[in-house]
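My request is simple: use the sequences and hints to build the entire structure.
Here the protein sequences line up with chains A and B, keeping their order.
To convert a position in the first sequence, counted from 1, into our numbering, add 276.
To convert a position in the second sequence, counted from 1, into our numbering, add 1127.
Because the hints were derived from the structure by calculation, they are not lab data.
Even glycine gets a Cβ: it sits at the ideal position worked out from N, Cα and C.
A few of these clues could be false.
Stated by the list, open to error - Heads up, incomplete: computed chain B residues facing chain A, CB under 10 Å, no partners named:
{"no.": "1", "residue": "1154"}
{"no.": "2", "residue": "1171"}
{"no.": "3", "residue": "1174"}
{"no.": "4", "residue": "1304"}
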Amino acid sequence: MPFPLNFEDLLGHWESYLVSLAIGIAFGVVLEIAGFGDSRRLAAQFYLGDMTVLKVMFTGIVVAMVMVFAASAVNLLDFNLVWVNPTYLWPGIVGGLIMGVGFIIGGFCPGTSLVSAATGRLDGLFFAVGAFFGIFLFGETVGSFEDFWYSSYEGRYIIPEFLNISTGATVVILVLFALAAFAFAEQMERIFGGADLKKAPKWRYGAAGTLLAGAVIVMFIGQPDTEDRWNTIKEDKAPALANRDVQIQAGEVLALMRDDRINLILLDVRDEADFNLFHLLDAVNIPAEEIPDHLKEFRAKSANTVFMVIGNDEKAATEVWKTMVSESVPNVYLLEGGINNWITTFADEEFKTTSLIENHANDTLAYTFTSALGSRYAMANPNPDVFQLEYISKVKLQAARGGKSGGCG
Amino acid sequence: MAVQGSIKKWVRVPAHTAIGVKRQARAYVNPYLGGILLGVVLFSSFFLTGNGLGASGGMNRILVWGQDQLVPDHVDRTAYLLEMAGGDTNPMDSWVVFVMLGVIVGGFASGWLNGRFKIETNRGPHISVKTRWMLAFIGGAFMGYGARMARGCTSGQALSGGAVLSVGSWAFMFAVFAGGYALAYFVRRLWR
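Written out as structure tokens, the structure reads:
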């Protein structure tokens, strides 16, 4: 899944914005040639005689949608890395209603007013200045209703999750919905705008058929699951596992635990019983089988986050590592030798001789604990001055690629 | 065939484009063709960068940049502004600013090359130029306020979020149309 690209790595920080500039130019051209620089044409949408706005917008949405999920279906595009506007339901709806009012009074939306102003329209210029004023007003007043502005938060929440159907089926349904909306729009233009539908280009039927066919194909291919994703990246990632580039020695983990620049998440994937017996200080317990429910939140962590997956030995931790790496979580490592090796490294001699279980089964605790003291053992947070361990430093923070912050800026 | 014809028409550069010279403004493209091109641009943005399109986010950041030049202390005390421009954070350091600048450049270039650049005020037949300017400003203020409330405008929320199936973006989109249609009848004299 090579796309999206990391232009910051490829071109440099500010240079990477040249790509955004080019995309913006193309966007501006398209808005202009579609007639969105003319407020009368935009406002006409609300009087049903000219449905250009609906046609252009919905066509744009469904064409991009089919292409995005087609690229994802064939493992070219990693949809996990595509920015999906987080859902804040009510602020979005109230903001949308206010914008609808602004639209019909002012005749533009922010993007189109810029195009209009750029092509010499003074009403577009006044609208853009007004938009700046409204944005300014919002920045100064949002503090007084912050609770509302952050309410009804659902995070990255897409329609397939909401309807509990597959992504492909959603794509097909939305294409059908759009085509129905176009048929309706054309009837409105005929009735209220006196449009002669016989003069409308015939190629639009072919385009509609192509789009629908594309959506159906996307549905039948399906979106990749974790296993498909692993198979796609296996060639790249499996050597790191075999060369032990991602198994981190106890000494380095100990150093990371005290590194303030790193947001270290000690992810203990054992079951709750083992976790309660003993775990590292500040470790979080998410049993291996529950990891898939937490991937979204893992991906949303700050860029300096390092995940250290911890099992009793390495078997379960390795599987969790594969799942997390396949699902585009950045900076994932696992503790070399797991908890058992940690205890061997840091426990006192007495504990080691009295508590060792001979020939313990793989991925079970190799030591017995008489009480569930969790992290209230000295070895849960060893003193690095006492244990001066040699280690090969392996953790490297990787800049996250992919979408960062939608149009919300 | 018709698709090709339209694209050709759009690419060809007119012979004369100076201001004041009377030229034939080219007709706008078919809405469905415009939509297909819009979809390809939007897809390219997601495919290459992982981000969608945006406009009001860029305007927001340019505004905050201005505020940070004039009243940096105020910016550092307001949570919403702090996020974008607190301390040494540069509000212009964001892709959405550059998309927005591109929109202006692209809109201008396309209008110019197609003979559609013209200093004028588009308005309904029953209102004066000054009224139109005032209403454009007021509408813009509503739009700017609502866009920040909704965390994105028509491009950043409806288009971008809609294409990647965000639940909130679809709810938002219906709200924009609902708000417009609810008021359209009462303000029909502005446009018709």
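Earlier hints that do not hold, by number: As far as the earlier hints go, not one is violated by this structure.
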